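Engineer: Here's the letter readout for the chains.
2 protein chains.
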Amino acid sequence: MKDRVTILTGGVGGAKLALGLCHAIPAAQVSAIVNTGDDFVHLGLAISPDLDTLLYSLSGQAHPVQGWGRSFETWHFLEAARSLGAEDWFALGDADLALHVLRTQQLRAGLPLSQITAGFARHWQIAARILPMSDDPVATHVLTTDAELDFQQYFVKQRCAPPVVAIRFQGSAAARPAPGVLAALHEERLRAILIAPSNPYLSIDPILAVPAIRQALLQRTVPVVAVSPLVGGAAVKGPTAKIMRELGLTVSSATIARHYGDLIDALVVDARDPPEPLEVAHTRTDTLMKTLQDRTRVAHAALELADRTAIRVRR
Amino acid sequence: MKDRVTILTGGVGGAKLALGLCHAIPAAQVSAIVNTGDDFVHLGLAISPDLDTLLYSLSGQAHPVQGWGRSFETWHFLEAARSLGAEDWFALGDADLALHVLRTQQLRAGLPLSQITAGFARHWQIAARILPMSDDPVATHVLTTDAELDFQQYFVKQRCAPPVVAIRFQGSAAARPAPGVLAALHEERLRAILIAPSNPYLSIDPILAVPAIRQALLQRTVPVVAVSPLVGGAAVKGPTAKIMRELGLTVSSATIARHYGDLIDALVVDARDPPEPLEVAHTRTDTLMKTLQDRTRVAHAALELADRTAIRVRR
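Protein chains in written order, with the numbering used here: chain G, 3 to 317; chain X, 3 to 317.
Think of the hints as simulated: they come from the structure by calculation, not from any bench.
Please read these numbers as outputs of a predicted model, since none were measured by experiment.
C-beta: ideal position from N, C-alpha, C; glycine also.
Just to be clear, a hint being listed does not mean it is correct.
Stated by the list, open to error - Chain G side only, calculated, beta carbon under 7 angstroms to chain X, not exhaustive:
hint, residue
1, 46
2, 76
3, 82
4, 83
5, 107
6, 125
Unchecked claim - Not everything, but these chain G residues come out facing chain X in the computed CB check (under 8 angstroms):
hint, residue
7, 81
8, 126
9, 129
The following block holds chain G by itself, in its conformation from the complex (with noise of 0.2 angstroms):
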């Protein structure tokens, strides 16, 4: 029985999608391979934003709106920090803090983060196996037309302003993928991989730059199948739309289609796109992720397009 569906995601429009296959097929079916390439180290705690946005969303506790962090959270201690000089350009609320307080003390105890990611999974009874794409560290690095810059620095710092000129991986040409990865992209129950639609330079691209997990997806046996970020021609939100015209790119699904090139097999596109000759298989519908029926709408689209999609590539 083909049950399975992992999902390769960022945080924000990634943990959408993979709360929607969550409603699609039983969540005990689904395993996220996660963005690890914006963890960071700040005042000392040890931060994993697209973990935490995965374990906030599978578990019910993310914020509806906003798209990071907790609903109903609080900001005392970052208040109390800037009173004492500390930088507060990265927004730590009070509850927020359990998962980094924790996952630094335990990082320092020397337990790999794919295990401590899996004991708050537990905690927060998350059906899903929510996995760091490595337990090494990769670093992605903005170069921009100024400088070089860390991630967060980049996209939270400077929010995304300086214009891009490449993207960078540290790091990643020694990272091994976590535990668990390789058997997600290979088990035999397996039904179809994903690729959530998150940004694609800045979120899947760190994910498909550790050699191994690259490796796997090329010798895939099951579709893969990307939701294009894209929604109407432009993205949802964050960068992806400017960053594309700064990289020199056409902003439209077949540069997604033709920047993921023999790793997929199928796009989903938004109903909304305008009408373009693409290379892949695809289907066109509603890409917009508001509510949970959307979510599981796209889903459930993206599994169609796969049980109908051939593997175009097989070495």
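Fit chain X to the given chain G structure using the hints.
Structural biologist: For chain X alone, kept in the frame of chain G given last:
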């Protein structure tokens, strides 16, 4: 001009007198040498309970009733940490976390505790000097009839229930006074040294166990005046009287005076205490410090007693 006063202090009760002292004389003329024997690492965070109580008290942020922590505190971190399986016996408030997170970060960066504490005090515009007794680790251990316990295990987790057999200050023999401590005990403009009505056995003894601090007190050039922690022959709060009984001591100010021995020249005793002969100079006054006025009055009483007392021991 002899206008400076140095106070040796633990947390709760001691911080009340330290605050009174900062109103009895200009705060900029006050130095507090603070017990760090209670310091411990919890959830990976470096916590200094007595330093924190001083920081909160002298910056007007202390909880008005409970004696530790901040006013207007919230507990969302602790609730989230509990949901992730963390131990929750030590109360870590949301805003309170700022001190612990930033202290931990700065200690890891190699800054000494004294410098970190001075930075916090500067940000909160505290005019008094708050000095940890030592930048070296000293850990108060409580030997009970059952086991040898870390201070916080005894004090918070087991709520001082196990009978005390002995108290040890691990690391004290090798501990050097923090920068500023010896100067605060020897400076030319010093008027008096006060010992706050903290628990003598748990909160003041760790300070006196730092060899160079004890030596500096024995070689004092100004009177040392202790304020008895007993009010009406009992402890106001905390386990002072209980510990005295468990150690086979009479619960009386005479016992407190004998305990400090050659290190003090005079003792402030509560007016309600049963009359008893004392071997040191003393004054009887209401030492219960409920209001800021009470605290200021007790500080004045201690200073006036110092002014009319000669140094007993000079070596």
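Engineer: Take the hints in turn and mark each one as holding or not.
Structural biologist: Evaluated hints:
no.	hint	verdict
1	46	3 angstroms, holds
2	76	5 angstroms, holds
3	82	4 angstroms, holds
4	83	4 angstroms, holds
5	107	3 angstroms, holds
6	125	5 angstroms, holds
7	81	7 angstroms, holds
8	126	7 angstroms, holds
9	129	17 angstroms, violated
In this structure, the one hint that does not hold is number 9.
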